[in-house]
Amino acid sequence: MSTTTEELAATSLLRFATAGSVDDGKSTLVGRLLHDSKSVLADQLEAVEHASRRRGQQAPDLALLTDGLRAEREQGITIDVAYRYFATPRRRFILADTPGHVQYTRNMVTGASTAELTIVLVDARNGVVEQTRRHAAVAALLRVPHVVLAVNKMDLVEYAEPVFAKIAEEFTAYAAALGVPEVTAIPISALNGDNVVTPSAHMDWYGGPTILEHLETVPVGTDPTGAPARFPVQYVIRPQTAEHPDYRGYAGQISSGVLRVGDQVTVLPSGATSTITGIDALGEPVDVAWAPQSVTVLLADDLDISRGDLIAPTATAPAVTQDITATACHLHERPLRVGERVLLKHGTRTVKAIVKGLPYRINLTAGLAHEAEPGELSANDIGAVVLRTAQPLPLDAYADSRLTGSFLLIDPADGTTLTAGMVGEAFAAEAEADSTVDDDGWDF
Amino acid sequence: MTTVTETAEGTDNPYALSHLDALESEAVHIFREVAGEFERPVILFSGGKDSIVMLHLALKAFAPAPVPFGLLHVDTGHNFPEVLAYRDRTVAQHNLRLHVARVQDYIDDGRLRERPDGTRNPLQTVPLLDAIGEGRYDAVFGGGRRDEEKARAKERVFSLRDEFGAWDPRRQRPELWQLYNGRHAPGEHVRVFPLSNWTELDVWQYIAREGIELPQIYYAHEREVFSRNGMWLTAGEWGGPKPDEPVELRQVRYRTVGDMSCTGAVDSDAVTIEQVIAEIATSRLTERGATRADDKLSEAAMEDRKREGYF
Numbered sequence: 001m002s003t004t005t006e007e008l009a010a011t012s013l014l015r016f017a018t019a020g021s022v023d024d025g026k027s028t029l030v031g032r033l034l035h036d037s038k039s040v041l042a043d044q045l046e047a048v049e050h051a052s053r054r055r056g057q058q059a060p061d062l063a064l065l066t067d068g069l070r071a072e073r074e075q076g077i078t079i080d081v082a083y084r085y086f087a088t089p090r091r092r093f094i095l096a097d098t099p100g101h102v103q104y105t106r107n108m109v110t111g112a113s114t115a116e117l118t119i120v121l122v123d124a125r126n127g128v129v130e131q132t133r134r135h136a137a138v139a140a141l142l143r144v145p146h147v148v149l150a151v152n153k154m155d156l157v158e159y160a161e162p163v164f165a166k167i168a169e170e171f172t173a174y175a176a177a178l179g180v181p182e183v184t185a186i187p188i189s190a191l192n193g194d195n196v197v198t199p200s201a202h203m204d205w206y207g208g209p210t211i212l213e214h215l216e217t218v219p220v221g222t223d224p225t226g227a228p229a230r231f232p233v234q235y236v237i238r239p240q241t242a243e244h245p246d247y248r249g250y251a252g253q254i255s256s257g258v259l260r261v262g263d264q265v266t267v268l269p270s271g272a273t274s275t276i277t278g279i280d281a282l283g284e285p286v287d288v289a290w291a292p293q294s295v296t297v298l299l300a301d302d303l304d305i306s307r308g309d310l311i312a313p314t315a316t317a318p319a320v321t322q323d324i325t326a327t328a329c330h331l332h333e334r335p336l337r338v339g340e341r342v343l344l345k346h347g348t349r350t351v352k353a354i355v356k357g358l359p360y361r362i363n364l365t366a367g368l369a370h371e372a373e374p375g376e377l378s379a380n381d382i383g384a385v386v387l388r389t390a391q392p393l394p395l396d397a398y399a400d401s402r403l404t405g406s407f408l409l410i411d412p413a414d415g416t417t418l419t420a421g422m423v424g425e426a427f428a429a430e431a432e433a434d435s436t437v438d439d440d441g442w443d444f
Numbered sequence: 001m002t003t004v005t006e007t008a009e010g011t012d013n014p015y016a017l018s019h020l021d022a023l024e025s026e027a028v029h030i031f032r033e034v035a036g037e038f039e040r041p042v043i044l045f046s047g048g049k050d051s052i053v054m055l056h057l058a059l060k061a062f063a064p065a066p067v068p069f070g071l072l073h074v075d076t077g078h079n080f081p082e083v084l085a086y087r088d089r090t091v092a093q094h095n096l097r098l099h100v101a102r103v104q105d106y107i108d109d110g111r112l113r114e115r116p117d118g119t120r121n122p123l124q125t126v127p128l129l130d131a132i133g134e135g136r137y138d139a140v141f142g143g144g145r146r147d148e149e150k151a152r153a154k155e156r157v158f159s160l161r162d163e164f165g166a167w168d169p170r171r172q173r174p175e176l177w178q179l180y181n182g183r184h185a186p187g188e189h190v191r192v193f194p195l196s197n198w199t200e201l202d203v204w205q206y207i208a209r210e211g212i213e214l215p216q217i218y219y220a221h222e223r224e225v226f227s228r229n230g231m232w233l234t235a236g237e238w239g240g241p242k243p244d245e246p247v248e249l250r251q252v253r254y255r256t257v258g259d260m261s262c263t264g265a266v267d268s269d270a271v272t273i274e275q276v277i278a279e280i281a282t283s284r285l286t287e288r289g290a291t292r293a294d295d296k297l298s299e300a301a302m303e304d305r306k307r308e309g310y311f
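Going line by line, the protein sequences match chains F and E.
Just so we're aligned, residue 1 is where the first sequence starts under UniProt numbering, counting upward by one.
Just so we're aligned, residue 1 is where the second sequence starts under UniProt numbering, counting upward by one.
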């Protein structure tokens with residue numbers, strides 16, 4: 001019963017992602033995490049044992065826990081992002097389990113977009129390979145705050161420290177060059193369980209945390225006071241009832257920062273200003289609210305505000321622009337071409353846009369070589385995109401705000417999601433070195 | 001209350017959100033996105049705990065205005081009477097619109113045929129799709145959770161369905177950040193799952209925290225049941241028990257609520273919500289594994305039903 005009580009007290013939530021090549025043992029690691037943290041229940045384990053036996057395998061194949069779809073089981077691959085849930089006495093976890101094939105960069109990007117931590121898996125026998133560099137680049141590009149390098153299959157290299165140290169050093173240097181702020185390297189054997197949940201008996205030389213210990217203790221959430229407040233209006237609440245004849249509230253989820261009653265705010269793109277007179281936190285009036293709370297904001301003045309507008313403190317309001325330079329990850333089989341007319345969804349606003357230019361495509365593996373003017377971006381390509389929008393948008397640089405610095409490009413004909421966009425330069429190290437960024441007017 | 005802790009233990013951050021607050025905020029955001037972008041949304045409401053939590057979240061999302069959607073219930077004709085009574089009480093209390101699509105009507109006029117095993121769960125798909133078409137609903141909220149089942153683990157929050165209601169896992173749109181793309185062609189609709197990231201335990205803790213009333217069958221009570229496929233099924237008019245299935249009186253409760261013919265009860269003496277939460281936290285079976293006969297049909301039973309337009 002002690003577990004129960006402790007588990008119920010676990011209240012913080014960590015969203016993390018895993019990335020690895022096909023044979024790095026990622027599914028085994030995920031299965032091990034779920035199994036050893038006792039998140040796999042008897043009927044699920046029974047199903048895995050049954051399926052493993054049917055396939056002629058001796059031991060239960062923990063990878064089968066994460067293969068959801070018939071097509072995946074039949075082909076022995078993972079075709080899509082799968083979400084897993086588990087809890088320990090200290091924390092709740094949401095895991096975006098993304099496949100590591102080259103052609104599925106888009107899935108890694110999808111999983112990383114909401115992750116606060118990503119685990120990059122390498123095979124100790126192979127060390128840092130092209131795929132590893134690609135995974136590091138995706139983590140850097142999506143600005144995932146914490147990166148874990150899991151050096152797997154240590155059992156196959158006699159648990160030798162020099163093997164681990166060399167890989168950790170090479171990866172950390174590469175990630176740092178991309179602007180990744182923090183790398184935690186952990187030597188593991190997912191198959192045998194070394195350093196996944198329980199400390200390894202074979203690696204006395206390693207004094208750091210196991211994977212699970214690290215997941216349980218890494219700080220979650222950013223301090224909302226560190227960022228200016230951003231409040232995209234989702235919906236206007238006007239009951240027009242006898243009880244609430246004049247109530248007019250702006251409903252939304254705070255994207256970043258802190259809102260307080262009394263704050264002077266500007267509504268964008270109109271530029272109208274007012275004062276916050278009330279904040280309803282789902283039925284309860286409060287004086288202060290912060291990201292990522294869903295609230296309803298009341299203003300002193302009767303302004304023309306609707307879905308798609310952004311409310312921000314007047315002092316730190318973003319500039320609005322119709323010209324966007326961004327880093328794009330193209331998601332769809334149909335290529336994105338210069339001159340294409342698309343819809344751009346930013347926050348709660350969707351506007352028409354034209355692709356004015358594709359200045360370069362980045363090769364994520366070969367030393368981040370830039371290929372100038374590729375003409376189009378194909379599925380899983382990452383490159384720069386220049387857009388002109390039909391209406392001005394209040395944009396932040398993605399480096400400053402993952403939510404108000406990101407957007408989707410959508411096919412206006414059939415609604416397909418084409419491209420994910422991040423305002424500004426691709427990598428932190430690059431952005432710092434490039435002083436022309438501020439001159440373009442989109443880096444606030 | 002030891003079951004609900006509001007602030008994260010061991011953190012000095014005054015801006016930390018508890019996991020329930022984070023999940024609630026996310027679900028409310030999803031409800032408001034749909035309200036802002038769709039013409040005719042509807043909430044699938046069965047009187048089960050997940051749909052009850054969905055409705056509770058919708059009420060909070062739009063307060064003090066009423067929920068801008070109606071409810072849709074696909075009635076298998078084998079529903080628990082306590083649950084139907086709860087449904088009707090709730091609809092009246094919040095002054096909601098309720099549309100009921102009845103599987104029985106389809107059986108009566110021959111459009112559907114009763115299955116040999118007596119279960120009506122798979123039969124819900126056709127009435128559901130007809131009701132969506134007739135109501136011209138463009139967004140349909142479901143209480144599905146990704147922790148329930150392997151195929152659901154790959155489901156999007158906004159799940160595009162074609163004009164036949166079918167789910168094509170390869171045609172799903174990538175979902176990044178909090179940007180949900182709900183664009184669809186005429187005749188298509190989007191299934192929306194605000195509880196995607198909740199687990200069974202989250203749902204129960206949230207019910208406890210918010211003091212949400214549930215149908216009594218979720219709590220331990222004495223009931224006449226009989227054993228089939230390792231589950232306790234309720235004896236009733238729907239076709240059970242067979243002559244070789246002896247009925248006994250047991251203390252049970254339901255972990256999920258669905259069609260009586262395929263929803264099993266579990267032995268339990270949990271009569272309060274705290275006891276229910278303690279029981280779930282130590283359970284060695286998933287809720288579907290413990291209580292749903294239809295998911296035991298094959299390794300891909302849920303995936304196949306979803307492809308055909310099921311919830």
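Any given hint might turn out to be false.
[Stated by the list, open to error] Anything over 12 Å on all C-beta distances counts as not near chain F; from chain E, calculated:
| hint | residue |
| --- | --- |
| 1 | Phe-62 |
| 2 | Gln-104 |
| 3 | Arg-111 |
[As the list claims (entries may be wrong)] Quick partial rundown of chain F residues pointing at chain E, CB under 10 Å, derived from the structure:
| hint | residue |
| --- | --- |
| 4 | Arg-84 |
| 5 | Leu-403 |
| 6 | Asp-414 |
Since the hints were made in silico from the structure, they are not lab data.
Being a predicted model, the structure only gives us computed values, none of them experimental.
Even for Gly, the Cβ is constructed at its ideal location relative to N, Cα and C.
Original post:
Can the hint on Arg-84 (chain F) be confirmed by a CB-to-CB distance to chain E that is less than 10 Å?
Top reply: 7 Å, holds
Subject >> Interface restraint verdict for Asp-414 (chain F) against chain E (beta-carbon cut-off 10 Å) >> reply: Holds - the Cβ of Asp-414 (chain F) comes within 10 Å of chain E, reaching about 7 Å at its closest.
Subject >> Whether Gln-104 (chain E) stays farther than 12 Å from all C-beta atoms of chain F, as the label says >> reply: Correct as stated: the minimum Cβ-Cβ distance to chain F is 32 Å, above 12 Å.
Original post:
Any CB of chain E closer than 10 Å to the CB of Leu-403 (chain F)?
Top reply: 6 Å, holds
Subject >> Phe-62 (chain E) and chain F, when compared Cβ to Cβ, separated by more than 12 Å >> reply: With a cut-off of 12 Å, Phe-62 (chain E) comes too close to chain F, as the shortest Cβ separation is near 6 Å.
Original post:
Arg-111 (chain E) clear of chain F by more than 12 Å, beta carbon to beta carbon?
Top reply: 29 Å, holds
Hint 1 from the earlier list is the only one contradicted by this structure; the remaining hints agree with it.
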